[in-house]
Amino acid sequence: MYDVIIVGCGITGAAAAFALSRYKLSVLVLEKENDIAIGATRANSAIIHAGYDPEPGTLMARLNVRGCEMAAELCAQLDVPYKNCGSLVLAFDDNDVKSIRALYERGVQNGVKRLELIDSRRLRELEPCVSDKAVAALYAPTSGIVNPWEYALAMAEVAALNGVKFLLSHPVTYITGQLGGFTVTSCGEQFNARYVVNAAGVDSAAVHEMVAEKAFTIKPSRGDYFLLDKSEGSRAKHTLFQCPGPAGKGVLVSPTVHGNLLAGPNAVSCLDAHRVNTTAEGLAFVKTHALKSVPGINFRDTIRSFAGMRANSDRNDFIIGFPVPGFLDLAGIKSPGLTCAPATGEYAAGLLEQHGLELVKKDSPVTARRKIRFKELSIPEKQRLISENPLYGRVICRCETITEGEIVEACHSPIPPVSVDGIKRRAGTGMGRCQGGFCGPRVLEILCRERGISPLEALKDGEGSVILFNETKAGGRA
Amino acid sequence: MNWELIVIGAGPAGLAAALAAYDKGLRKIAIIERDRYAGGILNQCIHNGFGLHRFKEELTGPEYALKFIDRLRDTTIELICDTMVLHITPDRQVHTVSAEKGYQVYSASSIFLAMGCRERPRGAISIPGDRPAGVFTAGTAQRYINLEGYMCAKRVVILGSGDIGLIMARRLTLEGAKVLCCVEIMPHSSGLARNIAQCLKDFDIPLYLNHTVTDVTAANGRVSSVTVSRVDANRAPIPGTEMVFDCDTLLLSVGLIPENELSREAGIEIDPRTNGPFVYENMETSMKGVFAGGNVVHVHDLVDYVSEESAKAGEGAARFVSSAENADEAYIRMLNGDNVSYTVPQRIRPGRLEGSVKLFFRVRSKLGASVIKVSDASGQELASFKRLSMSPGEMENIFLPKEVFQKARGDISVSASEA
Chain A
1246 MYDVIIVGCG
1256 ITGAAAAFAL
1266 SRYKLSVLVL
1276 EKENDIAIGA
1286 TRANSAIIHA
1296 GYDPEPGTLM
1306 ARLNVRGCEM
1316 AAELCAQLDV
1326 PYKNCGSLVL
1336 AFDDNDVKSI
1346 RALYERGVQN
1356 GVKRLELIDS
1366 RRLRELEPCV
1376 SDKAVAALYA
1386 PTSGIVNPWE
1396 YALAMAEVAA
1406 LNGVKFLLSH
1416 PVTYITGQLG
1426 GFTVTSCGEQ
1436 FNARYVVNAA
1446 GVDSAAVHEM
1456 VAEKAFTIKP
1466 SRGDYFLLDK
1476 SEGSRAKHTL
1486 FQCPGPAGKG
1496 VLVSPTVHGN
1506 LLAGPNAVSC
1516 LDAHRVNTTA
1526 EGLAFVKTHA
1536 LKSVPGINFR
1546 DTIRSFAGMR
1556 ANSDRNDFII
1566 GFPVPGFLDL
1576 AGIKSPGLTC
1586 APATGEYAAG
1596 LLEQHGLELV
1606 KKDSPVTARR
1616 KIRFKELSIP
1626 EKQRLISENP
1636 LYGRVICRCE
1646 TITEGEIVEA
1656 CHSPIPPVSV
1666 DGIKRRAGTG
1676 MGRCQGGFCG
1686 PRVLEILCRE
1696 RGISPLEALK
1706 DGEGSVILFN
1716 ETKAGGRA
Chain B
442 MNWELIVIGA
452 GPAGLAAALA
462 AYDKGLRKIA
472 IIERDRYAGG
482 ILNQCIHNGF
492 GLHRFKEELT
502 GPEYALKFID
512 RLRDTTIELI
522 CDTMVLHITP
532 DRQVHTVSAE
542 KGYQVYSASS
552 IFLAMGCRER
562 PRGAISIPGD
572 RPAGVFTAGT
582 AQRYINLEGY
592 MCAKRVVILG
602 SGDIGLIMAR
612 RLTLEGAKVL
622 CCVEIMPHSS
632 GLARNIAQCL
642 KDFDIPLYLN
652 HTVTDVTAAN
662 GRVSSVTVSR
672 VDANRAPIPG
682 TEMVFDCDTL
692 LLSVGLIPEN
702 ELSREAGIEI
712 DPRTNGPFVY
722 ENMETSMKGV
732 FAGGNVVHVH
742 DLVDYVSEES
752 AKAGEGAARF
762 VSSAENADEA
772 YIRMLNGDNV
782 SYTVPQRIRP
792 GRLEGSVKLF
802 FRVRSKLGAS
812 VIKVSDASGQ
822 ELASFKRLSM
832 SPGEMENIFL
842 PKEVFQKARG
852 DISVSASEA
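Chains A and B, in that order, are what the protein sequence lines are.
Everything in the first sequence is counted per the numbering used here, starting at 1246 for the first residue and increasing by one.
Everything in the second sequence is counted per the numbering used here, starting at 442 for the first residue and increasing by one.
Wrong hints could be hidden among the right ones.
[Unchecked claim] Rough simulated footprint, nothing fancy, chain A against chain B, three-plus residues with beta-carbon under 8 Å: (1) 541-551; (2) 556-565; (3) 577-587.
Quick caveat, the hints were computed from the structure, so don't treat them as lab data.
A quick note: this is a predicted structure, and the numbers were derived from the prediction, not measured.
Where is the CB? At the ideal position from N, CA and C, for every residue including glycine.
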């Protein structure tokens, strides 16, 4: 009998696991994919929002401001790439000026600190790349950028080190409630728990309906993005928004923590929440709108285009509550869900406590994580590291300077990757301009060696994504 | 220890430059290679057709590389493999890292850049659709099949008609895969005519010119279909022309990009036309004592020319080291005229010329019987050449005698037009 089962391990599930892992509890996380953080968490704008967007009084507003306050310290503690780069909402006409004034008022009500309305001269001082047509802006210096999947991985890894159990490739098929708890069925196995937390993202309505009456609908919304080469990475210093519309926060242009430039997303309602494809129209829309903010972007330097799926719902706020005793929904977590995550995790732990879960602090829980990032080390540090472990002297990913040592470390991390992309998310291989063209075969080789599997079993990413079919006529590796 | 010449990359360019510099008298030469062995991309190019110009025989890629690698044994050239160059500096320090020796900084009297090129990935052309397994660049697939010994495809659509894509169409077919078609957005192939004939036509693989891939779908994590559409004169897909191919693999052969991260970081001037360094007549870059050759300068279609160009650079480096030939001199810029997309070298110092200059260039579109004109800023025609046909997929070259540069008033432009 577990104290808590968390269904779904995107950033919200990971944050809940992280928050609960500090206490003397037995916690199980069931994730239907073969890795964590590969739904909305892996494909989004990667922004730590300041908190001027959500309507005052909503849970979103409260968790956003709190999550933004937590980000810098938590990322430092978890060794997650984060940068407090600030954001600007650009106004191009009188209507936009009204909008940014309204956002400013909202932000102040929500408790966002240091917000400023700035004129075009100040705007150009702060961000010389913006279009001449921008007449004013809302400046939010507390906003930032983060590596979203690493944020989730870091929280989950620390939770794992604290004893939380993670089962990947474990979709939940049934949940039955009985006196004093629940039985959760996954892969033909039954897991019992006193409490269940529903953090199933786009599937959260389906999981909710396993135990309670239908109460909300998930309205998945897809968005396309361009990721540009580092040669474009220094073009924008801040996250540059346009005024939000009914479909969302609009197309942004932002630096990333890896030093690239990101442009996107559009917003398209989807029937199939699990097909996360880009479209020609979507990409064209993003390009046009991004160029409105920053006319100089050189889209020829794109290294990747991708799409993400938002787990929007038919409500204006997050859906957090107990539809039946002991079953906690963390559903409809749309933007700014990434920013909110650590605050949402804390809040969830508090709610579970109010509903009878005893939270007794562990004597000395793990709270921090450290990672070796070879390319960021000084020359003497590099020398020392290689003398301790020569694998750190072998560069596998040329574009991002990722060494075999870092890949091996990723292979044996607390939630081990099972795919080439799983290594990419942990070690950063294939993130650069060749997109794994050179290092892909070497990473696959190391993955197979470390996991003791055949190259024919190696996956690119999710279940079924095999890379190699059979040996050639001449046979496999000599 | 101070090296006379450090060569970065042991592919065909690096090998040729090191051997040429040795032949010109340099003895302290190191070649630094990031892979585990020398030969570069030739190691996975197991097809024949290499060396026709240089050795007058048909060799496979590994055989061609061996002609050079075998010669290393009789020299004092040191081959340092499994070692990555992280930085080069204007005072010609080379920062390297390897498992064996850790972080090492070497200094050199001259440097030769031979990092080659990389393939444009899917993202560079933003193909819409799903992002499953089964989308490979042609070179990555070539590596899996020829070096690792694993098949990565059963039913294949190839996007782009670059040479590696064409070669892989044949290779995949011979290994039992079904290549459904090769799709090219331009009205002409970007590969060599002989590859179109030997790799597509001989195997009845259709080539769709003026077409592109407009959607990729996935089933169970792997490519399940690829949609191909005709494009209009502006290369925009025409609705209603879609053809859907059931397949498990999309192979990309959509261009090569010279790999100049080290050069850029060091502050070497890069020509936006080639994505490679601007080079002088002796293949010296804008940074004194730093030379470059092969695909890091511009993408070649024949390795024979890579060797030739790099040997010239190796000789240039040797001269630089032994005679300290390093005074600043005025140069003439070589500019694009009509229909020409780039020239290499881009800068000629008439005072440094010994014989003629072999000038490489590519045309922008397919031309029939044509005239290549070389003229100066005053409009004076300096030289002209005839061709029966020219194509962007085939690199052209002309010999310009020394006198052309002595006669020229101002910069020189090269143009091509149908006669």
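Results for each hint:
1. Check on the region 541-551 of chain B: 4 of its residues sit with their Cβ under 8 Å from a Cβ of chain A, so the three-residue criterion for coverage holds.
2. Evaluation of the coverage hint for the region 556-565 of chain B: fulfilled, as 6 residues show C-beta separations to chain A shorter than 8 Å, against a requirement of three.
3. Counting residues of the region 577-587 of chain B whose C-beta lies closer than 8 Å to any C-beta of chain A gives 6; at least three are required, and the coverage claim holds.
Consistency with the previously given hints is maintained throughout, with no hint failing.
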